[in-house]
Amino acid sequence: MRYDRGMPSASMPAYLDALQAALPPDAVLTTYAQRLVYDCDAYTIDKGLPDVVVLPRTTAEVQAVMRVAEKFNVPVTPRGAGTGLSGGSTAPGGGLMISLARMNQIVAIDVDNRRATVQAGVVNLQLSQAVAPYGLHFAPDPSSQSACTIGGNVAENSGGPHTLKQGVTVNHVLAVEMVLADGEIIWLGSEFDENPGYDLLGAAIGTEGMLGVVTQAIVRLTPLPPAVRTFLAIFPSVRTASEAVSAIIGAGLLPAALEMLDQPMIRAVEAAFALGLPLDAGAALIIELDGLEESLNEEAEQVTVLLSRCGATTVTLAANAAEREKLWLARKKAIGAVGRLAPSKVTMDGVIPRTRLPEVLEAIDAIATAHQLRVANVFHAGDGNLHPILLFDERNPDEVERVRVAGAAILKACVDAGGSITGEHGVGMEKREAVGFMFTDADLFAMAQWRRVFDPTGRMNPHKVFPVRRGCGEGGPRNTGKGGSR
Amino acid sequence: MNLDTPRSKTFEVDGIPPERVVCPEDVDEVVSLVGHASQNGYSVIPWGLGANMSLGNIPKAYHTALVCHGLRRTFDHAPGDLTLTVSAGYTLSEVNQRLAPSLQHLPLQAADPTQVTIGGALASGLSGPSRLGHGTLRDRLLWCQVVTADGQRVESGARVVKSVAGFDLGKLHIGAVGSLGIITAACFKLAPRPQVRFLALATFPSWNACARLRAILREARLTPTIFTLGVQGPGHGPHLGVLYFGVEGTPAGCQYQLTQLAKACANAGCHEPQIFASERADAVLQDHLSLRQQGNFCLRVIVLPDRVAPTIEALMGLAVPPQYIAAEMENGIITVTWADTTTTSLAMLPAVQKMIHDAKGTWRLDACPTAWKHTGLDVWGPPRPERALMRKLKTLWDPQGILAPGRSAGDE
Chain A
170 MRYDRGMPSA SMPAYLDALQ AALPPDAVLT TYAQRLVYDC DAYTIDKGLP DVVVLPRTTA
230 EVQAVMRVAE KFNVPVTPRG AGTGLSGGST APGGGLMISL ARMNQIVAID VDNRRATVQA
290 GVVNLQLSQA VAPYGLHFAP DPSSQSACTI GGNVAENSGG PHTLKQGVTV NHVLAVEMVL
350 ADGEIIWLGS EFDENPGYDL LGAAIGTEGM LGVVTQAIVR LTPLPPAVRT FLAIFPSVRT
410 ASEAVSAIIG AGLLPAALEM LDQPMIRAVE AAFALGLPLD AGAALIIELD GLEESLNEEA
470 EQVTVLLSRC GATTVTLAAN AAEREKLWLA RKKAIGAVGR LAPSKVTMDG VIPRTRLPEV
530 LEAIDAIATA HQLRVANVFH AGDGNLHPIL LFDERNPDEV ERVRVAGAAI LKACVDAGGS
590 ITGEHGVGME KREAVGFMFT DADLFAMAQW RRVFDPTGRM NPHKVFPVRR GCGEGGPRNT
650 GKGGSR
Chain B
36 MNLDTPRSKT FEVDGIPPER VVCPEDVDEV VSLVGHASQN GYSVIPWGLG ANMSLGNIPK
96 AYHTALVCHG LRRTFDHAPG DLTLTVSAGY TLSEVNQRLA PSLQHLPLQA ADPTQVTIGG
156 ALASGLSGPS RLGHGTLRDR LLWCQVVTAD GQRVESGARV VKSVAGFDLG KLHIGAVGSL
216 GIITAACFKL APRPQVRFLA LATFPSWNAC ARLRAILREA RLTPTIFTLG VQGPGHGPHL
276 GVLYFGVEGT PAGCQYQLTQ LAKACANAGC HEPQIFASER ADAVLQDHLS LRQQGNFCLR
336 VIVLPDRVAP TIEALMGLAV PPQYIAAEME NGIITVTWAD TTTTSLAMLP AVQKMIHDAK
396 GTWRLDACPT AWKHTGLDVW GPPRPERALM RKLKTLWDPQ GILAPGRSAG DE
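Top line first, the protein sequences correspond to chains A and B. Be aware that the first sequence starts at 170, since it is given in this note's numbering, and climbs by one per residue. Be aware that the second sequence starts at 36, since it is given in this note's numbering, and climbs by one per residue.
Bound conformation, chain A alone (with noise of 0.2 Å):
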């Protein structure tokens, strides 16, 4: 696909110095090997080059970065730790790409109110240490939470493995600090807990950067859990493991995570950890309870029945921090386990109804088999947050394409299934296209006029979530796979 080059070749000396004007040194990127680092994030089979990447330290860097972008018309990519599984904060087009890496600042920590204010280059672990000698965190905790960014969960409204109980990014910030594409500096939301008028922050969250850089935001602050109970059970099928899912969502219980691993995932986990898992298992189940010691007996004792009635051959209960950390271990290494199956790896992201696990979990084995390719899963089950990892070799072009049609396959299943083509890692380039199974025309312009309130030009981070219009580029979302109406 070819996307227009950010910037004419004629303006660039002007427009780079500007840009050096407007910030120390140290903080403009211009050469090949410097910009390379940020071809892409870590969705790898999608590529582009930042003609300049800026890294600001304030919010009055991102601005007068914003007004050179304006000046000289270039689209604009922000990007947090890169930790993004989409493509959201790739520059396909070139353009200016703003590093928020560096703003990195705990602002105000507000203990009694529950609240933080952050720049947006917070890791989303560091803000829970820093809360941590209170009893407090930031509940929102994606796998990649050592080094994911607070911009970057606003970016893609980020989720977790405790996201079952404790919500999404969006239910967890108060406000945001944005710098618009023409330079202004404005804020969504506030201090409080709801403000009167629209929600244009709840709607602002998990828009990709679209819609201007985000600097700073208020987030709230949950308490940390009394108490907690984690559980490992080993099943003979993801079948019954899904009905173990359910028969636990069934009987009224809400854990802050149930997780699970096929078969596939067991297998590469044992090879490269030996964690003692049975390779012979077909599921792994990792169930974390938590809330007050009081309560988590009768509700482990529940769990535990209901475990075994679903025909878990083995339960194995964390007796303390340490063992628990050890169960966690198979969930948290999972995806660097796979790594050294193959060369080149995509983690997708799709979400059903969890009561058709099995059926679309056996549906995507399939399109792996039907495209020649390796998959392993490691997904939220508690969620129907699927997270199928297809290996490849991405020297191989072939094998590239077919990673892509395959990966279309799986998310067209994932909604006819009901469901949806992401569940926290976003559209980004990976899955514009996809957007249109999901979505009519009428949908999607609803969504490019929301846009358009923030940032008329379309500059900020092009060419992610509407689909490419046929023969026209990015433009607007006018042609899209459900054919324009329901």
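Wrong hints could be hidden among the right ones.
[Said to hold, decoys possible] No more than 27 Å apart at the CA atoms, straight line, and that leaves these computed lysine-lysine pairs for DSSO-like: (1) A/Lys514 with A/Lys501; (2) A/Lys514 with A/Lys495; (3) B/Lys224 with A/Lys581; (4) A/Lys501 with A/Lys334; (5) B/Lys95 with B/Lys44; (6) B/Lys427 with A/Lys240; (7) A/Lys334 with B/Lys224; (8) A/Lys502 with A/Lys514; (9) B/Lys389 with B/Lys408.
No lab work stands behind these hints: they were computed from the structure.
Given chain A, put chain B in place with the hints provided.
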């Protein structure tokens, strides 16, 4: 489609009757009606059962009352997925009655849930005391279907408990009084019904005692789902106010929390709490909600949680003290009602606004006499920069200004 003109007085908004009342029964009829209105430049104000129609500024025009209570084609409950997709015309009470056999519910309270439709709850941004434990509709809305000002059916979100596909436009319709689109259906994340539930009422003799109680309970790391203050006006008994402390879950967990509450009350100098279980607890909470709803003048004050108690104290010191104050202690949402608007004059409002400003808070006027609105009073509170973006959005989505014109924060 049922067209009904004689009832137009029933559908007055701020004293203005519509020229026409229409009662569509499905989304296609809404598409047709709004499309027709759009072609002819007719203004449309959506209605549920009218429980919250006092919210909003005076309409600039009002041709058609679009009554959505008849939108009842969809009730798609997926118990294994904890989701409900429901047409906008169902009431909260119908929804929760139908969910009850599955031991699930949509955790939202209203003074009279038989009179609040799903569409109305969303359009008015309704929230209740259990927002501490269960969040608000904003936290539970997964998917939303609306008919836009040009008569298009538009959907956003997905009917599963988690999705980030596309932009989450459903959020914009919450509290927008139908000014951005007519809500026709929605999908919610449900909550399992707890094994047991209790409501404890603790009275406190002073604001200091109330503050001590809050501090002790926080220190104890309890997990109440309701932490609400109810304060009646002067002359209503010996106590300053009542703390409503709701817990739910397992019997042992609830028992532990109630024991801790009793200890905290003793240590803070409050009276021993009264405890109500199950349906009795629901009824006691319902009484509180009814008191909250009684006023003709209802102000929603929003402050930081640590400013709640001083703000209530200041409100009670006004020349005409409120009849009732309901405060969500941990969310900073204070609903203040005055019953008698003849003695509570408009002239008092500047003092109230200054007091809120001093508390670094903001406000929204949920109900007041129409005559007050005619003075130019903006029910959406003090000006703030976001309003410019709201107006821009309203203009882009409704360029003719036919949806609830003049009523929302997005109107000039």
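These are the hints, each one checked on the structure:
no.	hint	in the structure
1	A/Lys514 with A/Lys501	16 Å, holds
2	A/Lys514 with A/Lys495	25 Å, holds
3	B/Lys224 with A/Lys581	23 Å, holds
4	A/Lys501 with A/Lys334	19 Å, holds
5	B/Lys95 with B/Lys44	17 Å, holds
6	B/Lys427 with A/Lys240	23 Å, holds
7	A/Lys334 with B/Lys224	11 Å, holds
8	A/Lys502 with A/Lys514	15 Å, holds
9	B/Lys389 with B/Lys408	19 Å, holds
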